[in-house]
Amino acid sequence: MMLNGAEDEEKWLAEGIAGIQHNAFYMHRALDSNNLREALKYSAQMLSELRTSKLSPHKYYELYMRAFDELRMLEMFFKDESKHGVSVVDLYELVQHAGNILPRLYLLCTVGSVYIKSKEAPVKELLKDLVEMCRGVQHPIRGLFLRSYLAQISRDKLTDIGSDHEGDVDTVMDAVEFVLQNFSEMNKLWVRMQNQEPGRAREKRKKERSELQDLVGKNLHVLGQIERVDLDMYKETVLPRVLEQVVNCKDDLGQYYLMDCIIQVFPDEYHLQTLEALLGACPQLQPTVDIKTVLSRLMDRLSKYAASSTDVLHEFLQVEAFTKLSNTIEKVIEVQVDMPAVGAITLYVSLLMFTLRVHPDRLDYADQVLGACVKKLSNMPKLEDSLATKQVVALLRAPLEKYNDIVTALTLSNYPRVMDHLDNGTNKVMAMVIIESIMKNNTCISTADKVEVLFELIKGLIKDLDGAVDELDEEDFKDEQNSVAKLIHMLYNDEPEEMGKIICIVWKHTMAGGPKRLPFTVPSLVFSALRLVRRLQGQEGDIVGEVVPATPKKIFQLLSQIIEALSAVPSPELALRLYLHCAEAANDCDLEHVAYEFFTQTFVLYEEEIANSKAQLTAIHLIIGALQRMTVFGVENRDTLTHKATGYSARLLKKPDQCRAVYTCSHLFWVDDEDGIRDGERVLLCLKRALRIANAAQQMANVARGSSGPITLFVEILNKYLYFFEKGNQQITAAAIQDLIELINTEMQGDSANPGSDPDVFLASTLRYIQFQKQKGGIMGGKFESIEL
Amino acid sequence: MLVPGKIQHIICTGNLCIKEVQDYLKTLCPDLHITRGEYDEETRYPETKTLTIGQFKLGLCHGHQVIPWGDLDSLAMLQRQLDVDILVTGHTHQFTAYKHEGGVVINPGSATGAYSSITYDVNPSFVLMDIDGLRVVVYVYELIDGEVKVDKIDFKKTTTATHSAH
Chain Y
1 MMLNGAEDEE KWLAEGIAGI QHNAFYMHRA LDSNNLREAL KYSAQMLSEL RTSKLSPHKY
61 YELYMRAFDE LRMLEMFFKD ESKHGVSVVD LYELVQHAGN ILPRLYLLCT VGSVYIKSKE
121 APVKELLKDL VEMCRGVQHP IRGLFLRSYL AQISRDKLTD IGSDHEGDVD TVMDAVEFVL
181 QNFSEMNKLW VRMQNQEPGR AREKRKKERS ELQDLVGKNL HVLGQIERVD LDMYKETVLP
241 RVLEQVVNCK DDLGQYYLMD CIIQVFPDEY HLQTLEALLG ACPQLQPTVD IKTVLSRLMD
301 RLSKYAASST DVLHEFLQVE AFTKLSNTIE KVIEVQVDMP AVGAITLYVS LLMFTLRVHP
361 DRLDYADQVL GACVKKLSNM PKLEDSLATK QVVALLRAPL EKYNDIVTAL TLSNYPRVMD
421 HLDNGTNKVM AMVIIESIMK NNTCISTADK VEVLFELIKG LIKDLDGAVD ELDEEDFKDE
481 QNSVAKLIHM LYNDEPEEMG KIICIVWKHT MAGGPKRLPF TVPSLVFSAL RLVRRLQGQE
541 GDIVGEVVPA TPKKIFQLLS QIIEALSAVP SPELALRLYL HCAEAANDCD LEHVAYEFFT
601 QTFVLYEEEI ANSKAQLTAI HLIIGALQRM TVFGVENRDT LTHKATGYSA RLLKKPDQCR
661 AVYTCSHLFW VDDEDGIRDG ERVLLCLKRA LRIANAAQQM ANVARGSSGP ITLFVEILNK
721 YLYFFEKGNQ QITAAAIQDL IELINTEMQG DSANPGSDPD VFLASTLRYI QFQKQKGGIM
781 GGKFESIEL
Chain G
1 MLVPGKIQHI ICTGNLCIKE VQDYLKTLCP DLHITRGEYD EETRYPETKT LTIGQFKLGL
61 CHGHQVIPWG DLDSLAMLQR QLDVDILVTG HTHQFTAYKH EGGVVINPGS ATGAYSSITY
121 DVNPSFVLMD IDGLRVVVYV YELIDGEVKV DKIDFKKTTT ATHSAH
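So the sequences go chain by chain: Y and G.
The opening residue of the first sequence carries number 1 in UniProt numbering; numbering runs sequentially from there.
The opening residue of the second sequence carries number 1 in UniProt numbering; numbering runs sequentially from there.
It is worth saying that the hints were derived from the structure and are not from the lab.
None of these values were measured; they are calculated from a predicted model.
A virtual CB, placed ideally from N, CA and C, is assigned to each residue, including glycine.
Certain hints may be false.
Covered by chain Y, according to a simulated footprint, are these stretches of chain G (three or more residues, beta-carbon under 8 Å) [stated by the list, open to error]:
| id | segment |
| --- | --- |
| 1 | 65-74 |
| 2 | 80-90 |
| 3 | 113-120 |
Turn these sequences into a full structure, and let the hints steer you where they fit.
This is the structure:
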């Protein structure tokens, strides 16, 4: 049946337009022949088409516009007295003879427009007359269009009034009064259109009403354009009257539209000065009005206004804009009992954005907003509504983005409290956002207090929150923990005392996170601590401090604790590496016992926890490499450790691994520094032992696989012989090298391996090297002379 | 320059530690060569790697396996073993570049300025190699006190040093 209705409407509109055109034709004829009476007759008939009730606002508008255009011609005719010979005063009288009220009033308004311009009568009286006579039409659509016509044709005359009659305040007042009255009446008509029936009819009505909203709003635009309407007049007259209409009409559609209209039409300067009145209306509006959008838009405009100049900013403080807005929001939330969580939080978000833009230096304001939100959240069950959660996240992100510096956000005491109200998942997401912000801005968190607050904020990542039995996605968990690890590097203070405190706090928190987090976070912390040790190295004596005097010794004690916890996860390989770093650092601090203790821990881990042969090989190399660099050990301690190292080297599972580890141990007995150890004999012992192992490996390979073994081992050992020979180890003779070369050649020939295989290539490059050295001449050349290739 | 598409190969000595870093390097250049450092979580990176670029054979190794750490003569042994013109190693977090007996040994240093027990005051650094025929120019970029300093080293390969073992 809808289709029929639409079709019908089209038909009626067409009929109406036809009617207008028909009568307009005759009206034009009358105008051409200066026939006033005929003109009036036909124009009245034409206007009768507007008496229809059958059209929706959209269609009625089309009809209205046709009539409007024709009336312009008529108005021009009225203006030119010479054409019709009737004075405008008489004309005003004459048109009132029209039969029906609607045409009569349209004609009256048209004449009235000419009359006002002519200034032959006091404007005030005329305007009053017109606006009151229009009361005669109470049908909403017809009445709205009629009054709209009145507003339209009087508009430019009104805006002129201010400038024409200078110093004549009364006239401006009259104009304002006229518009206000027209506005009130139009609003009443508009509100009357609302339909209380539920269902489709109501929706239809709503739509129709919104199509008409600009007709009502136009009046406010006019008020905004009257030049002489200054701040005082706005404050004393205009705003109170408009707000009265808005509040009393109790119509949610109207209230929303009009509040927004006021905000958009009048200058921000006015809003600032009338903030109390404007905001005062808000709690009085219907509960179904989307007040948060209205207030958001207001705050948005005011923010932009504040940015325009510093004088303006001063004004904001003067009128206590923040306090007023804050109070209004509280009142609105209080009054609108059924407002869902998301509504309230959105209001806080808008207010916070406002605060951050207008008063960026007033952290107390920002904190206040957060505090108000906390209070609201506390009176509610834990957030489950995802929209509301999104708004809370927006609230938390705003200070981060504004200040580009987490440190400022950390001083907001209510910030962590807001975070507490998030569900665990979102809490973690927010924590990641915070870390991202720090990383992106390269922010350094430099005091123990701030670190404490920061870790409180990100506690969702640091440990399992209460009741959190979340399924941990492994990838996500890794990302989270790596983020925390990265974060630790951003915690830094030049001052050792403070840095020491920071490290302690970080450890306190990460320790509470449990074993599965330690392998990610401990390395960062350990290296951070080792950096601190290095800084303290130069300093002598103990630094007198409060809780933790930062001395290398104390830090090593802490490190020992930390790495022990790590190894218990279990994470022995990582712990071993970190112990070695600590040993080297202790060496550099001249702390022999501490370094020895770290090596002890290293070996214990190696013995007890590292079973995998590949892991053992790597570990042994790391141990040898570190031990080789130690300078702090006395003879006994050094001997014990090197003995252990060589012993473990010889006991690796695979023979080639053994061989390599053992010949590597040779370096433990030869350090190139001035007072470094240079024990030629023990070097040779290692190399010979390596040779024996290589031989054994050869034999095993022959037996087990029927092929030759790793000849390359011999070439490697040869290279080591050359290394120490060059360094001046007397125990290594040219003859020994010669023998080894021959041995290798023999093995090569015996081997069915192809030329161009790895040992072959290696040998070739080694021999080339020897040749190179021989050709060098001088001492080096002399040494190599006796080696024949 | 560290924009996708400008670099043909990336040679990395290791200790990227987490996959995220490998993924990032892959976005700069898909031809990525990595050897295993002692902190890499990816255990499948090789201990050593060789590759040929133009006229040059390159060798790659993290370097914690070559003791004494940072010792040129020990590194030279590895170079001979891998039979390469250019050996790239790391571990010390200190940029070095040595020319010797027809070969080059390069340590690009630490790209992040990470802590090292071997080097105090690590400056972040990396190396760009421009290989053109028999010539390679090594550009080293170091971040010292907030400023990027660039240096370069030329190396020309003599044809007698090419190996016949093909």
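Okay, the hints, checked on the actual structure:
| no. | hint | verdict |
| --- | --- | --- |
| 1 | 65-74 | holds (count 7) |
| 2 | 80-90 | holds (count 3) |
| 3 | 113-120 | holds (count 5) |
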